[in-house]
Each structure stands twice: as C-alpha cells, then as structure tokens.
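Chains A and B, in that order, give the protein sequences. Note that this note's numbering gives residue 27 to position 27 of the first sequence, counting from 1, and the numbers run on in steps of one. Note that this note's numbering gives residue 21 to position 21 of the second sequence, counting from 1, and the numbers run on in steps of one.
Don't take each hint at face value.
What the hints assert, rightly or not - Here are some chain B residues pointing at chain A (derived, C-beta under 8 angstroms):
id, residue
1, Ser118
2, Arg186
3, Arg187
4, Ile259
5, Ile262
6, Thr264
7, Tyr268
8, Asp271
9, Leu272
10, Val275
Keep in mind that the hints were calculated from the coordinates and are not lab data. Note that the Cβ used here is the ideal one computed from N, Cα and C, for glycine as well.
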Amino acid sequence: MSGTKVVGASVTRTDALEKVTGAAKYTDDVKFGPGMLYAKLLRSPHPHAKIVKIDTSKAEALPGVRAVATGQEFNSYIGLYLLDRTLYAFDKVRYVGEPVAGVAADTEDIAEEACKLIEVEYEELPAVFDPEYALDPQAPIIHEKLGEYEYAPFIFPQAGTNISNYFKVRKGDPENAFKECACVIEEEFYVPHLQHTPLEPHVAVAKYDHSGFCTLWTSSQSPFAQRNLLAKALKMPYNKLRVIVPYLGGGFGCKAGVSIEACVIPLAMKASPRPVKLRMTREEEFFCTFVRQGLKAKVKIGVNDEGKILAMENTYYWDAGAYTEYGVNITRASGYSSTGPYNVPNVKADAYCCYTNHPVGGPMRGFGMPEIHWAIEQVIDIICRKTGMDPVAFRAKNALQGGDITVTGGVMHDTGLQKCILKAAEDLGWDKPKHEAKPGKRVGRGIAAMWKAPAMPPDASSGAILKFNEDATVNLLVSGMELGQGTHTVMAQIAAEVLGIAYETVRVHTPDTDYSPYEWQTVASRLTWSMGNAVKMAAEDARTQILKLASDHWDCAPDNLDIIDGYVIHKGDPSKTQSLKHMVIYGLTNKDGLLKGGPIIGRGNFIPPDVSALDKETGQGPKSVVHFTTGAQAVEIEVDEETGVIDIKKVASCYDVGKAINPMNVVCQTIGGIYMGLSTGLFEQLQLRKGNPANNSLADYITATVMDMPEEIFPSFVEVPQVDGPFGARGVGEHTMVPTAPALANAVYDALGVRIKSMPVTAEKILCELKVQRLESQTV
Amino acid sequence: MPTFAYVCPPTLNDCLKLLKENPGAKPYAGGTDLMVKMRDHAVSPQMLVDLKKIDKLKGIREDAEGNIIIGALTTHAEISESPVVLEKYPFFAHACRWVGSQQIRNRGTIGGNICNGSPAAETLPSLYILDARIHLESISSTRTLPIREFFCGPGKTCILPGEIVTAVEIPNISVEFSGSYHRQGRRKVVCIAMVTAAAMWRQDETSPSGMRFSIALGSVAPTVVVAKNAENYLNECAVCSDDVIEHAAMTALKDASPISDIRTTCDYRNDLVYVLTKRCLKDIICGGRELK
Numbered sequence: 001m002s003g004t005k006v007v008g009a010s011v012t013r014t015d016a017l018e019k020v021t022g023a024a025k026y027t028d029d030v031k032f033g034p035g036m037l038y039a040k041l042l043r044s045p046h047p048h049a050k051i052v053k054i055d056t057s058k059a060e061a062l063p064g065v066r067a068v069a070t071g072q073e074f075n076s077y078i079g080l081y082l083l084d085r086t087l088y089a090f091d092k093v094r095y096v097g098e099p100v101a102g103v104a105a106d107t108e109d110i111a112e113e114a115c116k117l118i119e120v121e122y123e124e125l126p127a128v129f130d131p132e133y134a135l136d137p138q139a140p141i142i143h144e145k146l147g148e149y150e151y152a153p154f155i156f157p158q159a160g161t162n163i164s165n166y167f168k169v170r171k172g173d174p175e176n177a178f179k180e181c182a183c184v185i186e187e188e189f190y191v192p193h194l195q196h197t198p199l200e201p202h203v204a205v206a207k208y209d210h211s212g213f214c215t216l217w218t219s220s221q222s223p224f225a226q227r228n229l230l231a232k233a234l235k236m237p238y239n240k241l242r243v244i245v246p247y248l249g250g251g252f253g254c255k256a257g258v259s260i261e262a263c264v265i266p267l268a269m270k271a272s273p274r275p276v277k278l279r280m281t282r283e284e285e286f287f288c289t290f291v292r293q294g295l296k297a298k299v300k301i302g303v304n305d306e307g308k309i310l311a312m313e314n315t316y317y318w319d320a321g322a323y324t325e326y327g328v329n330i331t332r333a334s335g336y337s338s339t340g341p342y343n344v345p346n347v348k349a350d351a352y353c354c355y356t357n358h359p360v361g362g363p364m365r366g367f368g369m370p371e372i373h374w375a376i377e378q379v380i381d382i383i384c385r386k387t388g389m390d391p392v393a394f395r396a397k398n399a400l401q402g403g404d405i406t407v408t409g410g411v412m413h414d415t416g417l418q419k420c421i422l423k424a425a426e427d428l429g430w431d432k433p434k435h436e437a438k439p440g441k442r443v444g445r446g447i448a449a450m451w452k453a454p455a456m457p458p459d460a461s462s463g464a465i466l467k468f469n470e471d472a473t474v475n476l477l478v479s480g481m482e483l484g485q486g487t488h489t490v491m492a493q494i495a496a497e498v499l500g501i502a503y504e505t506v507r508v509h510t511p512d513t514d515y516s517p518y519e520w521q522t523v524a525s526r527l528t529w530s531m532g533n534a535v536k537m538a539a540e541d542a543r544t545q546i547l548k549l550a551s552d553h554w555d556c557a558p559d560n561l562d563i564i565d566g567y568v569i570h571k572g573d574p575s576k577t578q579s580l581k582h583m584v585i586y587g588l589t590n591k592d593g594l595l596k597g598g599p600i601i602g603r604g605n606f607i608p609p610d611v612s613a614l615d616k617e618t619g620q621g622p623k624s625v626v627h628f629t630t631g632a633q634a635v636e637i638e639v640d641e642e643t644g645v646i647d648i649k650k651v652a653s654c655y656d657v658g659k660a661i662n663p664m665n666v667v668c669q670t671i672g673g674i675y676m677g678l679s680t681g682l683f684e685q686l687q688l689r690k691g692n693p694a695n696n697s698l699a700d701y702i703t704a705t706v707m708d709m710p711e712e713i714f715p716s717f718v719e720v721p722q723v724d725g726p727f728g729a730r731g732v733g734e735h736t737m738v739p740t741a742p743a744l745a746n747a748v749y750d751a752l753g754v755r756i757k758s759m760p761v762t763a764e765k766i767l768c769e770l771k772v773q774r775l776e777s778q779t780v
Numbered sequence: 001m002p003t004f005a006y007v008c009p010p011t012l013n014d015c016l017k018l019l020k021e022n023p024g025a026k027p028y029a030g031g032t033d034l035m036v037k038m039r040d041h042a043v044s045p046q047m048l049v050d051l052k053k054i055d056k057l058k059g060i061r062e063d064a065e066g067n068i069i070i071g072a073l074t075t076h077a078e079i080s081e082s083p084v085v086l087e088k089y090p091f092f093a094h095a096c097r098w099v100g101s102q103q104i105r106n107r108g109t110i111g112g113n114i115c116n117g118s119p120a121a122e123t124l125p126s127l128y129i130l131d132a133r134i135h136l137e138s139i140s141s142t143r144t145l146p147i148r149e150f151f152c153g154p155g156k157t158c159i160l161p162g163e164i165v166t167a168v169e170i171p172n173i174s175v176e177f178s179g180s181y182h183r184q185g186r187r188k189v190v191c192i193a194m195v196t197a198a199a200m201w202r203q204d205e206t207s208p209s210g211m212r213f214s215i216a217l218g219s220v221a222p223t224v225v226v227a228k229n230a231e232n233y234l235n236e237c238a239v240c241s242d243d244v245i246e247h248a249a250m251t252a253l254k255d256a257s258p259i260s261d262i263r264t265t266c267d268y269r270n271d272l273v274y275v276l277t278k279r280c281l282k283d284i285i286c287g288g289r290e291l292k
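Work out the full structure: start from the sequences and follow the hints.
Encoded structure:
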C-alpha cells in the first residue's frame with residue numbers, strides 16, 4: 001500500500017463533539033423509569049472464614065425489599081481462564097469485601113438497611129497475606145477444590161496448593177552461564193496492590209423479563225466476555241442474554257472480564273421483570289472489583305566483561321488475591337516476557353500465581369509488565385553502575401533485534417527497540433551535561449526499556465460489519481470499546497482509507513451483543529491490530545462489492561477502477577465517475593440494463609493466525625504471542641536532599657508502533673502512560689492491613705495531579721511495520737506506562753546514590769535511605 | 001445519606017435560636033467537611049441550619065485599630081485573594097491557598113475549617129502565631145477566646161452547645177514583624193498535609209536579638225501545637241545565625257509528638273518538623289529585616 005490519505009493523519013477524534021457537549025451517554029445515564037430497583041451488597045468483613053449460616057429473613061421482611069440473593073442459591077463458578085470465582089460467596093469467604101448477599105430494593109437506602117439485617121455466622125480461618133508464604137506447605141489452603149476447577153489449556157494450576165498457575169521457562173544452561181559472568185547481580189523487589197481509579201466507577205443494570213430474556217447494561221470493557229462467562233455460569237442460552245455497553249468513563253483493565261455483573265443478574269432474576277441497578281461507591285471500587293496484583297520479584301542477571309547479558313534467573317511471586325480467574329494469565333505473561341526486551345541465551349524463570357486473602361487481582365494497564373520491568377530494569381541499572389557501563393549503550397547492545405531468539409525460544413520479529421532506546425536518550429539530552437541543581441537539590445537521570453505482547457488466548461478474535469447508507473455515509477459495527485483511547489477514530493480512519501471516503505462519514509458504534517459482531521475483549525492493546533484487521537477486511541469486502549457493480553455498469557475490469565473522495569472513478573477514462581451516493585443502497589444497472597446490487601454490507605473477521613502452545617516444562621515454543629511492542633523511556637528529575645521530594649523535570653519516550661494510524665493519538669497515549677507511570681511510581685499504593693483496605697478513598701489513595709507532571713515531555717515513535725497489522729500497525733496503549741517507574745527509580749539512584757526497590761518511590765523512602773547512607777558514610 | 005431537616009433562616013438570631021432549641025441540629029457553612037462526615041455516618045445531625053443568608057458572617061474588614069476581622073463564612077479563596085490579608089499577612093493568605101482544591105476553597109469557610117478541628121488544618125498554624133481570637137455567639141451570650149485555648153483534641157473544640165463561631169480576629173501588630181508558612185503533603189497539591197509549620201518574629205527590645213519568636217506546628221499532635229522549646233531557645237539567642245536556626249529547628253522536635261498513620265510515619269513527620277521549621281525561620285530571618 002503506497003501513500004495513505006487519512007491513515008497516518010492526526011485527525012480530530014470522532015467522539016470529540018459528543019464528549020465535550022455532554023451528548024455522550026454512559027451506563028448510569030440510561031433511564032429506566034420508576035420501576036427501577038437499586039441493589040446493595042453485603043460484604044465479608046473477614047479475609048478468610050467459613051460461612052456457617054446466613055439468615056436473610058429479616059431483610060426480606062423489610063418494606064421496599066424486592067429480592068435477596070445469596071450463594072446458597074447461586075452457587076456456580078465463573079471465570080475467564082480458571083473457573084474459581086463465585087458469584088456470591090458460598091461455603092467460604094476469601095477476602096474482605098467479598099459479596100455474601102445482595103439486596104434489590106425500591107431505594108439504595110432501603111437496600112443498604114436490608115443488608116444490615118442479614119445475619120451471617122462466620123467461623124474465622126487463618127489467612128494468607130504474603131505470596132511467598134502462600135507457597136509454604138504450612139500455609140492455609142484458600143481453594144481446597146482447585147484440582148476440580150475448569151481451566152484453559154495454557155494454565156497450570158497445582159492442585160492441593162495455593163498456586164493457581166505455575167509458568168516455567170527453562171532455556172539454555174543458566175547455571176553454567178552464571179559461572180562465566182564477570183558481574184552477577186541478584187536483588188529482590190516489591191510492587192504493592194494498586195487500583196485503577198477510573199473516573200466512572202463500575203455500574204450495571206440488569207433486567208430479566210418473564211420470558212427469561214435477560215438484558216444487561218454495563219460499564220464493561222468486554223461485552224462478549226460478559227455474555228460468555230455469565231451465560232455459562234447462569235446456564236442461559238447465549239441468545240437470551242443481551243449485553244449493551246454505552247461509552248466507558250475509563251477502565252484501565254478493571255472493567256475487563258466480569259465483576260459486579262455476576263451479582264446484579266441473580267437479583268434481576270429474582271425481581272423479574274423490574275430492572276435492577278448496582279453501582280459501586282468510590283470506596284467499594286477500591287477493593288471490591290479488581291485491583292492490580294502485588295508482586296515480589298527476585299531477579300538475577302549475569303553479564304560478561306563485554307557487557308553482554310549471558311543469563312537470567314527470575315522468580316515472580318504474584319500476590320494474586322482470593323480469586324485468580326483472570327490473574328492466572330498475568331502470571332503467564334510475566335513468564336513468557338520474563339527477561340524484559342533483551343537477548344538472553346540462558347534463562348530460568350518461575351512465575352507463581354499465588355492465592356492470598358487479598359482483594360481479587362485482575363488485569364490492569366500493562367498486565368504484569370510494569371511490575372516485572374520495575375525489577376529487571378533496576379537490576380540492569382545496578383549492573384551498569386557497578387561495571388561502569390553506560391545504561392543507554394548497555395540496553396542498546398543487549399536489546400532484542402529481529403531474528404534473535406526470545407526467552408520462549410521463538411524468533412523475534414523486526415523491531416525498532418534499539419532506535420527507541422537511543423531516541424529517548426537523545427531527546428532527554430543524555431549525553432549533555434546536567435543543568436545545575438538549585439541549592440539543596442540534586443539532578444538525576446534514568447532510563448528503562450520495555451516490551452509487551454497482547455496477553456490473550458490464541459483464539460481471541462474480532463469481527464466487523466460495515467453498512468452503507470443512501471448518502472454514502474457508513475455505520476461501522478464493532479464491539480471493541482471506546483474507553484477514551486481513541487479506537488473509534490482509528491477504526492473510522494482505517495475504513496475510510498480503504499473505501500476512499502472521508503473518515504467523518506464513518507460512524508462507529510458502541511456495542512450491543514444482539515446486533516454487533518463478536519469481539520473478544522478491549523484489553524491487551526489489541527484493538528488497533530486485531531479489530532483493525534477485521535475493519536480493514538470489512539471495508540475491503542464493501543469496496544470489492546462497489547467496484548464490481550461499477551465495473552459491470554461500465555463494462556470494464558474492476559482493476560481499472562478506484563474510489564476517491566466518495567466517487568468511483570475509471571483510472572483510464574476521466575469521463576467515467578460515479579458517486580457512491582444512492583448506488584450503495586439502490587445498486588447500478590449493468591450493460592444489459594438490469595439493476596444489480598443492493599445494500600452494501602462489508603464483513604470482516606480476524607483471528608490470530610499462528611500462535612503456538614508452549615511446552616509446560618520449559619516454556620519453549622515457536623511463537624508464544626502475536627507480537628511485541630517495544631520502547632524506552634528516559635526521565636530527568638530534581639530531588640530535594642532534605643525532604644526527598646521529587647520534581648519531574650523531563651520525560652522522553654519512544655515506542656515502536658509499527659504504523660501510527662493517528663499520530664496525535666499515539667502522542668496522547670504516551671502522555672497518559674507517562675502520567676499513570678509517574679502516578680504509580682511516585683504515589684499509588686492500596687494499603688492493606690490484614691486484608692482490610694486502609695486508604696480506600698481518593699483523599700487517602702494518592703494519585704498524581706497535573707501539578708505533579710513533568711515540566712517537559714518528549715513523546716516520539718518509530719515505525720517498523722508489523723507485517724500482519726493493518727497498514728503495519730501494532731498496539732501502543734498500555735506500553736507507555738511500563739518503563740516509567742523503573743526509569744524514575746534509576747534517576748533517583750543517579751541523583752542520590754540510593755536504590756528504592758519497593759514501589760512507590762515516596763519522598764519518605766528516599767529520605768530514609770539517605771539517612772542510612774549518611775550513617776554508613778560516617779562509620780566508614 | 002440519612003434523612004435530616006434543612007432550614008435556612010434569614011437572621012443570625014433565628015439560627016442561634018434553632019441551634020439552641022434543637023440539640024440534634026448542626027450549623028452548616030460550606031459543608032466541605034460536614035457532607036463527607038454525614039455520608040460516612042460519622043455525624044448524623046437531625047437538622048442542618050444553613051448560615052448562608054447571614055451576611056454579617058461574611059467578608060473581611062479592618063477596624064480602626066488595624067485588627068482584621070474575618071467573618072466565619074468567608075471562604076478560603078476569598079482570604080487568599082484579599083488585598084488586606086495579602087498586604088499585612090501574606091503567609092496566611094498563602095496558607096489558605098493550600099486548602100483542598102480550588103473548588104473546596106471556593107466553598108469551604110474559615111469558620112468551618114476552625115470548627116472541624118483538624119490538627120492538619122492549613123489555616124491554623126498561621127492563626128496560632130498571629131494570636132488570633134475566635135468570636136463566638138449563642139442566643140444568650142457572646143465571648144472571645146484566644147485560638148490557643150479553642151482546641152482540646154482532634155476534631156474537638158471547646159465550642160458550647162448552641163454556640164457558633166462568628167468571626168476570627170487577627171489583632172493588629174504594631175511593631176515590625178515577619179512570618180512564614182511551610183507544609184508538605186504526599187503530592188504537590190490537593191492533599192492533606194503530613195506536617196505544617198508557621199513561624200514569625202516580632203520586634204521586641206526586651207529580647208537579646210530584638211526579636212520575639214512564635215512557632216506553631218500542625219499534624220504532629222492531637223491539636224496544632226506551639227513549639228515552646230524552640231521559641232524559648234530563639235528568644236534567648238542574641239544572633240540568629242545558621243547554626244542557631246539549625247538548633248532551633250532540631251529543638252522543635254521536642255514539641256512534636258507525631259504518630260504513624262496512612263499518610264506517613266512518625267519518623268518522616270519528625271524529619272519534616274525539622275526541615276519545615278528551618279525553612280520558615282530562614283524565610284523570616286534571611287528574607288525579613290535583621291533588627292540588630
């Protein structure tokens with residue numbers, strides 16, 4: 001494809017006007033009239049306990065209460081990769097905040113009052129709060145029935161233990177390779193639980209009519225996964241469960257899969273046919289849907305005297321929480337990406353998905369990558385400091401290149417990683433002298449590289465339907481969610497490019513599973529690539545139909561025709577032009593004067609073509625994932641020596657996006673990723689005290705504000721085409737926050753010589769380390 | 001949210017009468033603390049008496065003696081932009097800019113901030129060192145209390161049932177003086193302070209340096225505290241050298257008794273007491289006018 005018109009242009013977002021005018025509708029905006037009921041959930045106060053008895057009779061007797069649901073009645077399992085999650089707890093509760101019962105009532109107040117009237121007798125059990133301890137044979141078992149749960153074929157639960165997935169890599173001979181190394185560094189790192197804090201908390205409305213037809217309106221990233229998992233768990237035919245998702249007010253992963261929807265449908269079934277709404281308070285949002293898992297990482301890296309990485313031995317203990325139906329795949333991702341974006345011939349990696357009595361760990365932007373890169377990229381920095389090698393040159397030297405063998409034994413596709421590392425460093429001014437710090441402050445620079453693949457099952461597929469209207473405008477039906485990332489705009493650009501029409505004439509719709517085509521989920525930064533391929537196919541299908549009609553009309557070969565600016569033209573005969581208007585519905589007459597055609601409907605479907613299974617014992621296989629997006633980020637900071645407070649001066653970043661369909665969108669994703677990376681790197685931590693959240697409010701859970709952002713940002717990208725991507729594109733959504741935190745920690749070391757191994761890098765931790773440093777220098 | 005009665009009387013007398021007659025009633029000013037507490041069921045008033053129609057509780061005025069009287073309903077935004085406050089006590093105007101977010105500052109009032117009684121309140125250390133006086137009124141009496149006698153614990157004040165704060169008075173300072181305020185939260189803005197510190201000197205020929213010092217610290221004890229030990233040390237020094245400032249800042253630790261909580265640790269609060277006290281003192285000694 002030579003020269004594109006709208007692909008590659010920074011066009012205005014298609015949803016901009018709707019969103020700035022307030023016309024855009026979100027789930028909580030949908031009106032249901034006076035029959036609406038409101039739900040509240042009774043939650044477990046214990047991290048681990050047996051449910052001895054539940055008595056709901058007093059709640060049921062409260063005027064205004066229309067339905068009460070518990071796990072006695074709804075006792076099936078649900079899950080994406082491992083069916084270990086309950087709709088409502090039965091037999092046991094496994095985390096503080098777990099739904100034990102739900103009430104639907106005329107008002108939220110009545111529902112809340114009724115929850116207080118439900119009597120639950122618990123027998124407390126010893127709990128597990130540390131992922132490494134979860135592996136101890138003495139540790140209490142959280143899921144006794146792990147061996148009986150259904151699971152996906154690429155997940156390896158260890159029955160009789162707290163390990164719900166164990167991913168191993170055995171490549172080369174690390175034991176001997178470490179002996180040849182000139183420098184070996186082994187360190188332990190810690191990443192706390194986080195919450196995604198989207199502006200819009202989870203909200204869902206379910207209506208179950210007298211015929212047994214159920215409609216679910218929900219703030220979800222995954223309408224089809226919702227239908228799949230819920231219909232299976234509740235034994236409904238798939239075509240009797242309809243999922244409608246309006247615009248989303250952010251998700252960042254916490255609205256992937258299923259969470260609160262599993263509680264609201266049972267209530268709707270019992271309160272039929274009245275609609276039931278369940279919405280999380282901000283306080284609930286922090287620990288009752290999904291959180292980002294905690295991680296304890298042990299990383300050991302060895303290099304030879306030329307600065308070449310020879311071996312890695314990494315162990316990741318994921319603090320995955322009480323249910324790991326989704327989290328098991330984060331463990332897998334951390335395994336097949338366990339080396340970071342480097343060419344490492346000898347690898348031993350063990351990734352454990354550990355049950356703990358913490359909130360349910362789930363997907364969050366980066367899907368394990370910000371966590372493992374926090375450790376890997378700091379160990380690399382330590383090696384560079386110790387051996388005197390330049391952190392930029394070292395990374396560029398060891399960066400994976402096209403043709404290299406990855407950690408799982410596959411061949412790396414072409415990638416611009418090395419260019420990204422050098423570009424980020426150059427934009428930061430890595431080789432230039434640092435500016436002079438203000439008195440009492442120190443300047444530091446740090447860099448980190450990253451890679452990330454879409455973590456998904458090999459059969460995660462996409463569909464697209466493209467319908468023309470009489471005036472040649474287009475309705476594009478897809479089910480990838482517009483959650484702020486700009487996917488609707490990108491899809492309009494792809495369709496418009498293929499069809500030779502203006503992108504503004506393509507309206508992209510939010511999904512309704514009854515009318516929209518299948519999409520696996522809006523996760524894994526996979527839409528531009530996967531859904532983009534489906535949309536491109538749908539547009540090509542429509543284009544072929546249009547050109548066939550015109551070629552029959554003019555009695556010429558379709559090869560001579562093109563579509564430009566909404567007109568079919570004949571490349572050899574300027575007199576032949578035909579507007580798309582009218583013909584895309586009413587057809588054209590052929591040379592015999594017969595009317596041909598009819599409404600043009602394009603169809604596209606895409607499934608990843610060539611991902612293979614990995615060996616259970618070695619993690620080796622020809623192709624572990626569809627592709628890796630790579631990149632790097634460099635950070636310059638100023639730190640106050642007396643308080644430890646960090647000012648972020650500059651961030652420069654560069655990612656290999658294959659092809660930027662919308663360059664402005666790539667820049668915006670990058671800025672957003674830097675924001676989130678800095679926020680998690682500097683401030684965020686869900687404080688859990690014996691499983692109880694201590695800071696579940698936006699007053700106490702600190703996120704970055706605009707005032708905490710860098711003074712200067714240099715976002716850039718390189719374009720090494722993805723051969724199977726639409727116009728060469730690959731995803732770049734999550735990636736942009738992956739290297740931020742380790743680059744920051746490396747900059748702190750550069751400024752002050754102190755190493756912060758537990759995220760976040762707070763002022764307090766820096767000062768504490770500085771005091772240790774001063775004491776040590778005094779004793780020397 | 002529990003149910004409650006809402007009234008919005010036209011006169012102060014009506015308000016005070018309702019508060020006296022209804023022990024379950026609470027005065028409602030900006031509501032920025034009250035609404036949050038009600039939602040959390042931390043307080044459950046049966047009646048809210050909205051003060052917003054009482055104009056005499058609003059605004060900032062300077063009387064003939066140079067005292068500044070700030071009505072209880074004056075918002076933090078108004079104080080931080082007030083020409084008279086900016087001119088006379090810029091550090092206090094500056095402190096008001098640290099309260100919450102712009103929206104909170106537009107809504108929250110000085111009276112409410114004081115009555116909320118938080119040891120982390122941004123306005124209080126400055127009001128302590130300025131020897132502010134709290135004006136109180138009930139249906140049957142009026143009284144004035146020095147701010148240092150107004151608080152008895154976190155969230156606890158010695159306000160009596162039926163009584164409201166009507167104004168805060170900053171007594172005129174007729175001699176040379178200089179003041180400063182520093183605070184640190186967990187991020188740059190819109191956050192509750194981990195430690196606050198305010199310091200000032202006023203000209204006083206009886207002290208060896210010619211300056212008498214006041215220092216107040218917040219978020220390091222159940223109430224804002226006066227750093228007596230540090231004040232005494234400074235008031236006895238003849239010159240305010242860097243060493244003296246250092247020592248005074250270290251001495252301030254004796255006056256603080258911080259705890260560890262979800263915001264930070266006791267240790268870090270102590271570190272901040274030292275640094276912020278030092279920064280305040282440097283501001284007022286190096287930035288202000290040396291007297292002798």
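Here's how the hints hold up against the structure:
Interface hint status for B/Ser118: violated, as the beta-carbon distance to the closest one in chain A is roughly 12 angstroms, over 8 angstroms. Hint status for B/Arg186: holds, given a least beta-carbon distance of 5 angstroms to chain A, under 8 angstroms. The interface hint given for B/Arg187 is met, as the beta carbon of that residue sits about 5 angstroms from the closest beta carbon of chain A, less than 8 angstroms. The interface hint given for B/Ile259 is violated, since its Cβ lies 14 angstroms from the closest Cβ of chain A, which is over the 8 angstroms cut-off.
Because the closest C-beta pair between B/Ile262 and chain A is about 5 angstroms apart, less than 8 angstroms, the hint holds. The closest approach between the C-beta of B/Thr264 and any C-beta of chain A is roughly 6 angstroms, which is under the 8 angstroms cut-off, so the hint is satisfied. Against a cut-off of 8 angstroms between C-beta atoms, the interface hint on B/Tyr268 holds, since the closest Cβ of chain A lies about 4 angstroms away. Because the smallest distance between the Cβ of B/Asp271 and any Cβ of chain A comes to about 6 angstroms, under 8 angstroms, the interface hint for this residue holds.
Interface hint at B/Leu272: satisfied, since its Cβ lies 7 angstroms from the closest Cβ of chain A, which is below the 8 angstroms cut-off. At a threshold of 8 angstroms, the smallest CB-CB gap from B/Val275 to chain A is about 5 angstroms, leaving the interface hint in force.
The structure fails to meet hints 1 and 4 from the earlier list, while all remaining hints are met.
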